[in-house]
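Chemist: Spelled out from the first residue to the last, the chains are:
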Amino acid sequence: MTNDSESNVTLLDPTKRGHWTSDQDVRWCPGCGDYGILAAMQFMHAELAKDPATEIKTEDTVFISGIGCAARFPYYMDTYGMHTIHGRSPAIATGLAIARPDLNIWVVGGDGDMLSIGGNHLIHALRRNVNLTILLFNNQIYGLTKGQYSPTSEVGKVTKSTPSGSIDPPFNPISLAVGARATFVARTHDLDRKHMIDVFQQANAHRGASLVEIYQNCNVFNDGAFDAITKRANRAAMMIDLVDGEPVRFGADNEKGVVINNGRAEVVEVDDVGVDSLLVHRADADPSVSFALAELANDRQSPTAFGVFRAVESPEYTDAVEAQVADAQSDGAGNLSDLLTSGATWTV
Amino acid sequence: MTNDSESNVTLLDPTKRGHWTSDQDVRWCPGCGDYGILAAMQFMHAELAKDPATEIKTEDTVFISGIGCAARFPYYMDTYGMHTIHGRSPAIATGLAIARPDLNIWVVGGDGDMLSIGGNHLIHALRRNVNLTILLFNNQIYGLTKGQYSPTSEVGKVTKSTPSGSIDPPFNPISLAVGARATFVARTHDLDRKHMIDVFQQANAHRGASLVEIYQNCNVFNDGAFDAITKRANRAAMMIDLVDGEPVRFGADNEKGVVINNGRAEVVEVDDVGVDSLLVHRADADPSVSFALAELANDRQSPTAFGVFRAVESPEYTDAVEAQVADAQSDGAGNLSDLLTSGATWTV
Amino acid sequence: MQLTGDRFTSTSALVGNDLATLPEFPAEIRAPQGTLAGVSAFQVHISDHDIHTPGDISDVLVAMNPAALKSQLNRLKGGGTIILNSDAFDERNLEKCGYEIDPRSDGTLDDFTVHEIAMTSLTVTATADLDVKKRDAERSKNFFALGVISWMYTRPLEPTMEWVEAKFASKPAVVAANVAALKAGHAYGETTEMFANQYVVNAAPAKPGTYTNITGNTATAWGMIAAGELSGLPVFLGSYPITPASDILHELSRHKNFGVRTFQAEDEIAGAGAALGAAFGGALAYTTTSGPGVALKGETIGLALSMELPLVIIDVQRGGPSTGLPTKTEASDLMMAMYGRHGESPMPVVAASTPSDCFFAAIEASRLALKYRTPVMLLTDGYLATGAEPWRLPEVSDLPDIGVSFTTEANSTDLEGNPVFLPFLRDQDTLSRPWAIPGTPGLEHRLGGLEKADQTGDVSYDPNNHELMTQLREAKINGIANDIPPAEIDGTGGADVLLVGWGSTLGSITSAVQSMREEGLSVDQLHLTHIHPFPSNLGDVLTKYTRILVPELNRGQLVKLLRAEYLVDATPLSKVQGLPFTGQEIISATKALLEVTQ
Amino acid sequence: MQLTGDRFTSTSALVGNDLATLPEFPAEIRAPQGTLAGVSAFQVHISDHDIHTPGDISDVLVAMNPAALKSQLNRLKGGGTIILNSDAFDERNLEKCGYEIDPRSDGTLDDFTVHEIAMTSLTVTATADLDVKKRDAERSKNFFALGVISWMYTRPLEPTMEWVEAKFASKPAVVAANVAALKAGHAYGETTEMFANQYVVNAAPAKPGTYTNITGNTATAWGMIAAGELSGLPVFLGSYPITPASDILHELSRHKNFGVRTFQAEDEIAGAGAALGAAFGGALAYTTTSGPGVALKGETIGLALSMELPLVIIDVQRGGPSTGLPTKTEASDLMMAMYGRHGESPMPVVAASTPSDCFFAAIEASRLALKYRTPVMLLTDGYLATGAEPWRLPEVSDLPDIGVSFTTEANSTDLEGNPVFLPFLRDQDTLSRPWAIPGTPGLEHRLGGLEKADQTGDVSYDPNNHELMTQLREAKINGIANDIPPAEIDGTGGADVLLVGWGSTLGSITSAVQSMREEGLSVDQLHLTHIHPFPSNLGDVLTKYTRILVPELNRGQLVKLLRAEYLVDATPLSKVQGLPFTGQEIISATKALLEVTQ
Ligand SMILES: Cc1ncc(C[n+]2csc(CCOP(=O)(O)OP(=O)(O)O)c2C)c(N)n1
Ligand SMILES: Cc1ncc(C[n+]2csc(CCOP(=O)(O)OP(=O)(O)O)c2C)c(N)n1
Ligand code: SF4
Ligand code: SF4
Ligand SMILES: [Mg+2]
Ligand SMILES: [Mg+2]
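Residue numbers (my numbering), protein chains in the order written: chain A, 6 to 353; chain B, 6 to 353; chain C, -18 to 579; chain D, -18 to 579.
One or more of the hints may lead you astray.
As the list claims (entries may be wrong) - Calculated from the model, a selection of chain C residues having no Cβ within reach of chain B, i.e. all distances over 10 Å:
1) Val105
2) Pro140
3) Lys164
4) Glu174
5) Thr224
6) Leu230
7) Asn399
8) Gln495
9) Arg528
Unchecked claim - Straight line, CA to CA, 25 Å or less: simulated BS3-like cross-link-like pairs of lysine-lysine:
10) Lys236(B) with Lys115(C)
11) Lys152(C) with Lys114(C)
12) Lys77(D) with Lys51(D)
13) Lys188(D) with Lys148(D)
14) Lys525(D) with Lys572(D)
15) Lys115(C) with Lys77(C)
16) Lys525(D) with Lys236(A)
17) Lys162(B) with Lys115(C)
18) Lys21(A) with Lys199(A)
As the list claims (entries may be wrong) - Far from chain C, some chain D residues (derived; all Cβ distances over 10 Å):
19) Ala187
20) Leu277
21) Gln298
22) Gly301
23) His447
24) Ala573
These are calculated hints, taken from the structure and not from any lab test.
Note that CB positions come from ideal geometry on N, CA and C, so glycine has one too.
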């Protein structure tokens, strides 16, 4: 429970990263994108702790994961945690959330864990709007099992299990989540700590289920999968930053923008259409708009949106559970003797 | 294999419903919407058989289902069939389709079967675009297990398992399917045989995965769930018929229409906006448009679209499998002796 | 109505005869004795040949309208089944027979298992395509009812159809309508997975006390609630509907006033997973299901076992394999309960033996789960679950205290003397690990399904540690043998033959043993509640007998475990017909083993 | 490079010593003998104490560049493991040592298990936060390699770290970099689930013939392809990746020229389901997985069993329970293979005993599945799967014909004499039902998981029919006992003790038995391939012995089955350390049983 390399003071100070860092050696491959995400998460917590209003505590925080490289994450946070079984973390976390609505629960998994074996639990957690912050580490590959294609791998991908190339079109996780009626959906990437921290904070602040897709580089089995988009040189042309209330613009000189044309999101030159025609991003807009923006990413050649696609208020699941329990107890808590004699009884 | 109540001639004539009817007593509750769907399916096959070009045959047709009332369907078709286990029919059918791309495979299940336990297999079959015609009998209830709420039940539904009302928002199956990148998505209902036959035919003709949601009345556990929309008196005001290439209009006097406004589908008075502003339906439009149309149904008070939301050509999964096999065999089929000696060998 | 009454009488008589040809489980269907003209009802009386149920009390009442219900309800056994025609329960009919409040909603029927079926309208719909007038069609509703009953008690339809054809030979339309109604009723029972609700005979004479009628599923649910109260922990149920287990979910969801939280999950895996998550959070966690659902939960149970968290899995067994016979009883999941997981994954298995015993078995399973931080499998079956028996209510104060305490402070020190929490530092006595729940400052820790180092719980690939942990997990479960009542023989302790049973066969075995003793045979009896681990004295007890008979509603599962463990030459008696044993079946097999000429 | 070589020597020497303290499974790591200056490689030589592997041939070659590979490859055993630093395989390096084509892609390495790791860059990244120059950091890559090897062979890192600290005491930056690299290599092995590829020693002297080296997973895949050829059916594999089974999927997916179709499903349930669907269509259907995956497939297997369709489930066992030890071997899924499904669901269980035997076991499992229309469980394990042995190739013409024919015509007539197809009309001999596939005119039928009427296969709730069908399914599987080779004792047939084994323990038990016989002890041996049903003579064979020892890499599973079935007092010998038995362990236990003073 202690970390030799850091002073005790650091460990006791929640505004320091070390306070959120467990004593376990991190065992990802050197250079793995997961390191950056872990750092962002630890720094984010340290940052939040600076605001006394948040009352953020290691003991009230839980990380739950399935199986995969990404799913190792909980071991490295000095909070409560469960490294469970492949694909089931959203379901397991749902149970914990219902039993313990007081906790702050994060769910972590890879694209295989969350979208292949675990796809159903994910969409049901989103639909129910359970208060979970779900992080999907999308590296478009099965890392832990040494490189098979995943449900987010591009068509034609040559992997150990698809030596002639994969033949199934990938999911677009954001589209799928919006289709499942998610109330908060965002995308970020492992190379931008600031962006990650910002998105994580918003996702966690959202009351309800939040899904954050994180483009994550697996440098061993799928190196550079997102280079065309997130590499520094490509960012200006390929990354669209969604800012609530602002027209959707990007490009080195903000010369490009997005319009909704006949229901479909399209990239345009701002000069061609005029600033006023641009889509003004509203995270609480109709899901059709979130969906249209998500669809931009289907083609790796096209610019891809990052940030919060969707954030709408909607009744949260565990709140409703609590309300029903409270209602049932409004005349007092149950009494066991009364229960036993609640049917017709007779005495001998 | 014979049906006493019908003459042998009828049985042998594929253009007659009886040819497609198995010898099993139908065991749904009297008045169940499933009867209408079954009739439509049998008539559709009989109808198709009239066109010699289709070469439609009972022996080349397979119905695969999971568990539930709807899932009894295969027993009543005089074709090949499998009544499998709860939720797994899309996966089982995928295997059959890959092994036997020559067959015409239908997959049948209820809202519990397909969207609760089977949700993941469904979205993966759609994503892969496997050549299956998938029929989702949506009665917004678990019929077979005597009436628990399902993932399509409306919020607040009082059922045996939710005596204080359900608290989770339902899936919109069409939105979910579009979010999963389905290439064919449609909706019909159990009261309109002609519409069903038309939609089933189109779905089955589509090369790839087709999902048809059928509003189906469970008169025993959820009677009248769709009355507000599909009851004869309400149809004009509440049902929007999607016709490819036509402006989306409805109402007793076609006085209403649908526009895409800021990415969102909205119902308007045609007179207010003019016919030219109406959305012209194209089943091969961008998925964002299909999605927007699907979202109309989230609110039971709003008009709901029926017909083919989406139909786009896209490479079909088993075609790709066959192509890879053919390619691998282009230099001849494998030889076992050659395989055994394909590594380094030595002789003693 | 007059006509209807007549038809019932005929039909019932017929069915009465007909059923006599099914000796293993006869039932009688009778028109109500002393029926007022105009009262439309019939009663089904079920009895095992060996056991004489006194009087005219019926097991099942089919009430076609409120008047029938009102006049006949007093003839129905407490806990019995009512099948009522909901179409006839309109205001006018209720008023007519003097019901001020609908008896379906004022608690009058609380003591019974009620199936409401819109029989009139279903019959009309079922006959819609036939050439009969609606009024005539309605008359066929009695055959619909008969179809339902035939389904529930696995009676063939053919004899009734033949009788109808003969009786109404001159009126083909009537034949067609009645046959259609009969078939529709039968199909309805099947399609909605209706179960026969059966009486389990209480062998012992009624002890003084307060009684209520209870089904096994209700008793299970109440046992879960009681365990929550007795442990002071909030109850969490993660479940997915499945026959015949759904009613536990239904019942529990009505008791949120106990702080119970029920979660209808997207599937069985999620149901178990959610329960495990809740257990991590400190809830008393359950997942309820039947065989096909257990087959899906194996991986999650293995995780619970590896994390050493409490979790009770309740399997209401039904006929298998696969979808099998969902509405019929069987006890064929025992081996899956023992071994249905990969790796070395021993866990306790507890079995209930009567409907009311489900209450105590649920508490006992919960006690073991909490105390030993382990998943526990509780086995009941369709027969117990839907069957009812009079239950002498326990005093709440007599129920065991099953409370456990969460760890709230460090339980060790590191090399430098700083306090540390070791999540796998075991209790010397029980070998259980500490249960520290989120929210507890300073005890932050991570659990997982990878092998864990002894004490620290860190991931460990060390070979010797793996062997140690495997042995510790096993020893912990084996140690439970000393924390449960020893096996107690009913009988002399040294009879010519010992009958060993488990689960819902208790009633049948007990009555068979009684009959045989009356006949003068030397027969001992032993009924097991704890199947894993076995009571510590079981080997000693068994090796006293040269002949052991093990009747089971499967192909011989417990008998395998006994033979493997104790090398005793126990003989299986198997039945897999979806029905309980008759006493006679057990008596014959016992005599065969004793080589008594029968 | 010179420096690197030196460091290897030192490190290796250290490790050599260090490893000697782990007597149960020693390995030696050596700098290549006769290494040319500049060649950077090291070799690992693994041996069981009891078995002396001749010569200087190594089991593992770590090649830090093409030159190392080129010069040392001839010292590596066929089938051995190569760990190579892919960063160093650039054109310049390849050219420098005279490789015209990259040996990684021209088949040169086909005979070996190759792990390509970008060791240089991973090391640089792992040390990036430290205060070392990139060039210095690169030098630590050897420690990265050592970390990988330490992971694979479960060697502790601490001694190496201590040595590094002592050796470079004056250069803390070097210490830090080396330790970081060592740890990173170790973590890399864990994170990517790297398995130790082990040699299974072939006890028998080499018979004349053509040999190849083969791992168990490759042999399994080839066996599946062979079964397809021998049955004339297209092979279908539905699978989901999982260590250590994934390589079967990988291998099969490379052989589409045999008409093989592989499907990477969304999960294990879908993998099994897709295979079952393919079986309905007439394919030879497989699903491959490891323990956690089997735990998920139980319900689907039950359906296959109820539908009576052929399906081979291959479980490459690993350490359990739960996620357990994914890269370590264990044989603890036997009970799950037997009983991991609800209801009465017996199915054949076949186990492979050596890497090459996986080929034959796969054919045998396929034969049974096809002939008896049943799911069959084939058990291999991580040790077999990733281990390699020299295999004397069989003549294709000597392989069995396992062809079956589809039913294409009606097999009965109805009351009116019309031809009908009865999908559950069984073969008198095998009790198998006809297999009629879609596309066959006139034989349209529906299969399901509900109980089916005898012969017609219609849904049936009839009690007696259910019992009959349950018995028929059981009898069909039991009948296989007469269609498999009888149990054959290796030895006198009446020795003082019999060792009964199954699975990958064959090598260890055989060598132990040989040693003991050389010592003059009277020891017989029996190795089981068919675990369910057992060979029909097994009871007769076992009851001849008063002492039976059953060594298993679990807590005693086969021994339970033997005791239950034959009431023989067989003694378990258990090991669950993720490692195979050493001969010594078996010898000690045998002597203890024989009460021989050791
Ligand atoms: C039930 C089960 N099936 C399969 C596996 C093997 N497995 C472990 S992780 C994994 C996929 C890893 O991919 P992903 O979820 O994308 O995580 P990554 O390693 O890429 O971070 C698989 C197939 C398992 N552990 N359990
Ligand atoms: C593994 C498993 N879980 C649960 C069940 C019980 N079950 C059967 S059908 C069903 C749901 C039925 O609802 P739906 O799919 O909507 O079909 P419907 O009856 O409404 O047509 C359930 C929960 C089962 N048979 N198997
Ligand atoms: S395999 Fe890929 S995802 Fe996994 S730790 Fe290594 S780099 Fe990261
Ligand atoms: S329960 Fe509902 S869905 Fe099922 S057959 Fe009856 S009416 Fe139809
Ligand atoms: Mg991944
Ligand atoms: Mg439904």
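Chemist: Given the proposed pairing of Lys21(A) with Lys199(A), does the C-alpha separation stay at or below 25 Å?
Modeler: holds, 16 Å
Chemist: For Pro140(C), is the shortest beta carbon distance to chain B beyond 10 Å?
Modeler: holds, 17 Å
Chemist: Could you check that no beta carbon of chain B comes within 10 Å of the beta carbon of Thr224(C)?
Modeler: Non-interface label on Thr224(C) violated, nearest chain B Cβ at 6 Å vs cutoff 10 Å.
Chemist: Holds or violated: Lys162(B) and Lys115(C), Cα atoms, limit 25 Å.
Modeler: At roughly 33 Å apart (the allowed maximum being 25 Å), Lys115(C) and Lys162(B) break the hint.
Chemist: Check the non-interface label on Ala187(D): least C-beta distance to chain C beyond 10 Å or not.
Modeler: The claim stands: Ala187(D) keeps its Cβ more than 10 Å from every Cβ of chain C (closest is about 32 Å).
Chemist: Beyond 10 Å on every Cβ pair: is that true for Leu230(C) relative to chain B?
Modeler: violated, 5 Å
Chemist: Regarding the assertion that Val105(C) does not contact chain B, is the least Cβ-Cβ distance greater than 10 Å?
Modeler: Non-interface label fails for Val105(C): nearest chain B Cβ at 8 Å, not farther than 10 Å.
Chemist: Is the claim that Lys164(C) lies outside the interface with chain B correct, judged by CB distances over 10 Å?
Modeler: violated, 6 Å
Chemist: Assess, step by step, whether the Cα of Lys236(B) is no farther than 25 Å from the Cα of Lys115(C), and give holds or violated.
Modeler: OK: Lys236(B) and Lys115(C) at ~23 Å, within 25 Å.
Chemist: Verify the proposed pairing of Lys188(D) with Lys148(D), using a straight-line Cα cut of 25 Å.
Modeler: violated, 50 Å
Chemist: Say whether it holds or is violated: Ala573(D) keeps its Cβ farther than 10 Å from all Cβ of chain C.
Modeler: holds, 18 Å
Chemist: Was Gln495(C) rightly flagged as not at the interface, with every chain B Cβ beyond 10 Å?
Modeler: holds, 37 Å
Checked against the numbered hints given earlier, the structure breaks hints 1, 3, 4, 5, 6, 13, 16, 17, 20, 21, 22 and 23 and satisfies all the rest.
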